[in-house]
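Go ahead and model the full structure; you've got the sequences and the hints to work with.
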Amino acid sequence: MNILRPYLAAFAARFKTMLQYRAAAVAGFTTQCWWGGLKVMVYTAFYRHSVHAHAPMTLAQVITYTWLGQALLALQPWGGDPEVAAAVRTGAVSYDRLRPVDTYTWWFIRAAAWMSARALPRAALMFAAAAVLLPLAGLDAWSWRAPADATQAGLFVLSLALMILLGAAFTMLINLCITATLTDRGINTLAPAFVILLSGNLIPLGLFPDWIQPALIAQPFAGMLDIPTRIYLGTLSGGAAWAGLALQVFWTLTFVMLGRKGIAGVMSRLEVQGG
Amino acid sequence: MSQIVVEGLAKTYRIAERQPGLLRLLRRRWREVEALKDVSFSLQRGELLGFIGPNGAGKSTTIKILSGILRPTAGRVVIEGRVPFDNRIAHVARIGAVFGQRSQLWWDLPVIDGFDLLRDIYRVEPTVYRQTRDELVAMLRLERVLDQPVRQLSLGQRMRAEIAAALLHAPPILFLDEPTIGLDAPSKLAVREFVKKLNRERDVTVLLTTHDMHDIEALAQRVIVIGHGRVLADQSFDVLADRRLLVDFTDDAPVIAIEGAQLLRHEGRSVEFSFDPRVIGAPALIARIAADHAVEDIRVEQPAIEEVIARFYHLHGATEA
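Keeping their order, the protein sequence lines are chains A and B.
Take the first sequence: its position 194, counted from the start at 1, is 194 in the numbering used here, and no numbers get skipped.
Take the second sequence: its position 140, counted from the start at 1, is 1140 in the numbering used here, and no numbers get skipped.
Please note: incorrect hints may appear among the correct ones.
Facing chain B, from chain A, some residues (calculated, C-beta under 8 angstroms) [to be verified]:
#1 A9
#2 R89
#3 R97
#4 T181
#5 T183
#6 E271
In silico DMTMM-like pairs for lysine to aspartate or glutamate, Cα to Cα no more than 20 angstroms straight-line [to be verified]:
#7 B:K1197 x B:E1135
#8 A:K261 x B:E1135
#9 A:K261 x A:E271
#10 B:K1037 x A:E271
Bear in mind the hints are in silico, worked out from the structure with no lab data behind them.
Glycine included, every Cβ here is placed at the ideal spot set by N, Cα and C.
What follows is the structure in structure tokens.
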């Protein structure tokens, strides 16, 4: 327990600090509402007018997928941890190395706390709006539906937890890139291009052609939204759901190993200049 | 057995060099910069060592290597049997450090929350922590700022909080990198007073860098002058700091020869002596001059650190390439 004490304290402190930014959460929620509503209307129009097309997902599934994607947006690794970027820019990274903790775990925990604390109020607000208010307003067709069944719901919670770990492990690779290049601008512009498309955030991966599906599921970004959402919808169930979870675990471990290897190299070449 | 042993320490940085012109941007060139060439010294438990030298001399680099943050390019550092970079986690648990130009406290958190976080980071026993914290708060007069977020503190308050933060785990060794930078006079005095007390009463080994000669004079028994990545001098402060006596006479300045005083400048009605206070004290020197001549004004000055360093450069300049 004593071994974990610094990490638990860091998680709690970061989580609490992030929850202070309520205005940012409301602003983010508002943007995601508009964007989500827009996508729901576009999909509805598509499904109404292309009746002859073979649709791999029902409209209700695509709409729930969209709202889940909007709700979990802050859990996706859109860039490095701004605290790490600031520490690297100001040289305060010295203090990170002055603590008797494993630097990788230290940054990983803080990234996980940062992402989940940002996601929590946004997801709650999105759920209230899309799953509760929309049906009440008579827009049941556009609403966020309940999970397929209790088993799928349980597996979804598991997959969601893995999504956080996978996201934090990927954030750590971005953090290392920032530490090595001393700036967050390059990688923070590059990374979202992969995340938005390959995680299913822009278009559900299930709507892509059948022949490319195995590759899409196997690539690491699927675990950052698509796999949890497919499990929620029940389109990934039974053995396939467990395979999805296994893929999330596999990519998390791969990223962690890469990150741990990278951090040793970056830290032994660390240079802190100017006082 | 020395507590800190540094032998032949060297650190080379690689910096990108940019040529002027647009096409040259495509070609990246690297230049090696030797921040430290050959630094050796050792420190006994309970010593208070001052580290001085101009910007870029290698002071901060040395402290960061001793703290386990940077890996030396060559040389050996052993602190209480540990090699700082290789045994980093075990090492940093037993040292405290303040880097004057950075902040280790959490900007958004009240000071007390930051302290509590450090308690968990260093895995300090809660009862031991409370005692250490209360003592530090009293000694550094932090009672009134404990509940304030760090971003609202004045620089003086923040620096005192930073120093307390570095000592919550009661380390036997403290590294202070420019702890008085930018502080006003009362804050400087408070910091000096505290460091002195810590060193005397707790036997904490202190290594501090500064550009403020008064810090060194008030605190350090021993001073290392570092320049061009080398140790230029390692001696007691008294030897390093001579005094200056400036005398304005009512008429043209006479030629005066006094043992222990060296004439530096002789201009019109003014003369400037450099004197070693261990050979002849200021009162005796002043009495000798005033007894024989009509004096208008006398001032005793201490040369600025720049002058001291410049003199050392001059003395050791011949050894540089």
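Indices of hints not satisfied (ascending): 2, 4, 5 and 8
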